[in-house]
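Peer 1: Here the protein sequences come in this chain order: A and B.
Residue numbering for the first sequence follows my numbering, beginning at 8 and increasing consecutively.
Residue numbering for the second sequence follows my numbering, beginning at 98 and increasing consecutively.
Read the hints as simulated data drawn from the structure, not as lab findings.
Please note that a few of the clues may not be correct.
What the hints assert, rightly or not - Using 30 Å as the maximum straight-line C-alpha spacing, the simulated BS3-like pairs for lysine-lysine come out as follows:
#1 B:Lys210 with A:Lys201
#2 B:Lys210 with B:Lys108
#3 A:Lys124 with B:Lys289
#4 A:Lys71 with B:Lys276
#5 A:Lys172 with A:Lys124
#6 B:Lys276 with A:Lys145
#7 B:Lys289 with A:Lys71
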Amino acid sequence: MSKFVVQNLNFYYGKFRALSGITLTILDRQITALIGPSGCGKSTFLRCLNRMNDTINGTRVEGKVLLEGQNIYDRRVNVVELRRRVGMVFQRPNPFPQSVYDNVAFGPRVLGMARSKSQLDDIVEESLRGAGLWEEVKDHLHQDALSFSLGQQQRLCIARAIAVKPEVILMDEPCSALDPIETLQVEELMQTLKANYCIVIVTHSMQQAARVSEWTGFFWLGELVEFDSTAKIFTNPSHPLTENYITGRAG
Amino acid sequence: MLKSESVIGNKRRRFEIVIESLIRVLGFSTIGFVVLIFLFLLRQGLPFFFEVPPVNFFGTRWYPTFGLFGTLPLILGSVLVTLTAIVIALPLGVATAVFVREIAPGWAREILKPLIEVLAGIPSVVLGFFGMNIVAPLVRTTLNVPTGLTAFTGALILAYMALPTIISVAEDALDAVPKSYRDAGLALGATKWQVIWRVVVPAARSGIVVAVMLGLGRAIGETMAVMMVTGNAARMPITPDSLFRPVRTMTATIAAEMGEVAQGSLHFHALFGIGILLFVLTFLINLAAARPIFQKRRRGGLR
Ligand SMILES: Nc1ncnc2c1ncn2[C@@H]1O[C@H](COP(=O)(O)OP(=O)(O)OP(=O)(O)O)[C@@H](O)[C@H]1O
Ligand SMILES: [Mg+2]
Numbered sequence: 008m009s010k011f012v013v014q015n016l017n018f019y020y021g022k023f024r025a026l027s028g029i030t031l032t033i034l035d036r037q038i039t040a041l042i043g044p045s046g047c048g049k050s051t052f053l054r055c056l057n058r059m060n061d062t063i064n065g066t067r068v069e070g071k072v073l074l075e076g077q078n079i080y081d082r083r084v085n086v087v088e089l090r091r092r093v094g095m096v097f098q099r100p101n102p103f104p105q106s107v108y109d110n111v112a113f114g115p116r117v118l119g120m121a122r123s124k125s126q127l128d129d130i131v132e133e134s135l136r137g138a139g140l141w142e143e144v145k146d147h148l149h150q151d152a153l154s155f156s157l158g159q160q161q162r163l164c165i166a167r168a169i170a171v172k173p174e175v176i177l178m179d180e181p182c183s184a185l186d187p188i189e190t191l192q193v194e195e196l197m198q199t200l201k202a203n204y205c206i207v208i209v210t211h212s213m214q215q216a217a218r219v220s221e222w223t224g225f226f227w228l229g230e231l232v233e234f235d236s237t238a239k240i241f242t243n244p245s246h247p248l249t250e251n252y253i254t255g256r257a258g
Numbered sequence: 098m099l100k101s102e103s104v105i106g107n108k109r110r111r112f113e114i115v116i117e118s119l120i121r122v123l124g125f126s127t128i129g130f131v132v133l134i135f136l137f138l139l140r141q142g143l144p145f146f147f148e149v150p151p152v153n154f155f156g157t158r159w160y161p162t163f164g165l166f167g168t169l170p171l172i173l174g175s176v177l178v179t180l181t182a183i184v185i186a187l188p189l190g191v192a193t194a195v196f197v198r199e200i201a202p203g204w205a206r207e208i209l210k211p212l213i214e215v216l217a218g219i220p221s222v223v224l225g226f227f228g229m230n231i232v233a234p235l236v237r238t239t240l241n242v243p244t245g246l247t248a249f250t251g252a253l254i255l256a257y258m259a260l261p262t263i264i265s266v267a268e269d270a271l272d273a274v275p276k277s278y279r280d281a282g283l284a285l286g287a288t289k290w291q292v293i294w295r296v297v298v299p300a301a302r303s304g305i306v307v308a309v310m311l312g313l314g315r316a317i318g319e320t321m322a323v324m325m326v327t328g329n330a331a332r333m334p335i336t337p338d339s340l341f342r343p344v345r346t347m348t349a350t351i352a353a354e355m356g357e358v359a360q361g362s363l364h365f366h367a368l369f370g371i372g373i374l375l376f377v378l379t380f381l382i383n384l385a386a387a388r389p390i391f392q393k394r395r396r397g398g399l400r
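If we strip away everything but chain A, and leave its shape as in the complex, we get:
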């Protein structure tokens, strides 16, 4: 089933065109990886999917991004509700300088998802379990989130994202600040999350894309050069640019 259908998307930072003519379909309950050299527009594209680019002045979008059939750039769309449905995990772990509990409870609180304290407790526990972090932090729920390791902080950010029960999780190089073991933990987590969420991940690591994803898109200078199953992209890419990039980078 398709989650996102992107049609002819152009994106501008002021006069600079950062994305041109992007068209692709992102399937639900699958992991889609976006690869490409630095500055080719991967993050920009990802941020188009939950309209985070709206927070940057002077940006402009053309084309359509359909989330379950509805264009998210339609004027009637409530951006706040859209962002609840499409969660995001950032490149650097960015928990709030608050306790673990308050971090996870933030979303449910602002959205009024829990009627009682115990209901909120349940959401927090469930989310932390979902992010595979519960056993590590259950005795430190009221400790400052910034006192944990970066890998734990990143999984906390994932827990915080799933606490609002989104449908999609966007991840922008979620492992670039983590060490190999923490990276592995996050990758395993993605495999379990895949059962319930649509996941889109930007990564600079060819191996990571090959390991975790079903689908891979290759971006080059603001264009989507090739989009296909991960197996196809990594074994038999149809575009020479893709092949150069993959062989050049993966050795």
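Starting from the known structure of chain A, fit chain B with the ligands onto it as the hints suggest.
Peer 2: What follows is chain B with the ligands alone, placed relative to chain A:
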């Protein structure tokens, strides 16, 4: 080539040594002056605490001509005026800082920021004059009290004086909150307001505390404007209506009486004694203001 370079190097080094020692001398002399002033204050003020029994100087009546040196009404007067000023200035200051930093469009911010700094430069005697002639009559008529020269009037003027400090320091604190926190909040489906009140302001908490402390420090030491608008009656501000009656602060007492007192008399020492109390109070407040800064510095290594 090598040789001439080393000559230049030597010259430069000598120059640097001169500059360095000059800076050191200046730095130490500044500290030295502060110490000297403090010693002078102690020398003139300490005798008061020995010559007058504690029952007297912690008494409730300040009539130096009759040998009554109760500083309590003055201390409480200062505390009342200052605290009321902060209660008024804190919400206003933080709200303004939030507006300037988070809500106002770019061009408005460019106008507002220097404007706020200009406010800080208004001489206090001008504010006192304004307070006497505009605010005091307003207070008298709207609150229907016998005189407009009240603790409340003083607090209003002081709040106004503390505002620029509070606004600009709080604004810097908000400014220092990383964009990544705001992004995280927005990406979770929070509104702009929810992000401001639940993420940005709490993250800037320690800076806002510093802002208030600095405002407090500025308010408690303020003299001229307060002397002009508070009525200067040394009464104990303990009745419920004290806020709307005249009071006398420590600073106003020193300023008003220092000119008429015989040098070396007990009264003279008493005024310096009040000076010491004021110094200690201000010092404690500044210490409290500095604490969060140090704490933050210790923890902030990572981000
Ligand atoms: N806020 C911005 N304002 C103007 N231009 C921007 C902005 N953010 C990104 N760009 C430009 O848009 C282009 C795409 O940037 P983007 O961050 O999407 O690249 P990326 O593929 O994510 O790169 P990286 O792999 O380094 O993260 C780049 O040329 C970049 O300079
Ligand atoms: Mg990027």
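Peer 1: With reference to the structure, classify each hint as holding or not holding.
Peer 2: Hint-by-hint comparison with the structure:
A hinted pair counts as satisfied when its Cα atoms are at most 30 Å apart, and Lys210 (chain B) with Lys201 (chain A) does not qualify at roughly 49 Å. A threshold of 30 Å between alpha carbons decides the hint, and for Lys210 (chain B) with Lys108 (chain B) the separation of about 44 Å lies outside it, so the pair is violated. A hinted pair counts as satisfied when its Cα atoms are at most 30 Å apart, and Lys124 (chain A) with Lys289 (chain B) qualifies at roughly 25 Å. Among the hinted pairs, Lys71 (chain A) with Lys276 (chain B) is consistent with the structure: their alpha-carbon atoms are about 28 Å apart, no more than 30 Å.
With a CA separation close to 18 Å, the supplied pair Lys172 (chain A) and Lys124 (chain A) stays within the 30 Å bound. Taken as a hint, the Lys276 (chain B) and Lys145 (chain A) pair is honoured in the structure, with Cα atoms around 29 Å apart against an allowance of 30 Å. Distance restraint check for Lys289 (chain B) and Lys71 (chain A): the Cα-Cα separation of roughly 25 Å lies within the 30 Å cut-off, and the hinted pair is therefore satisfied.
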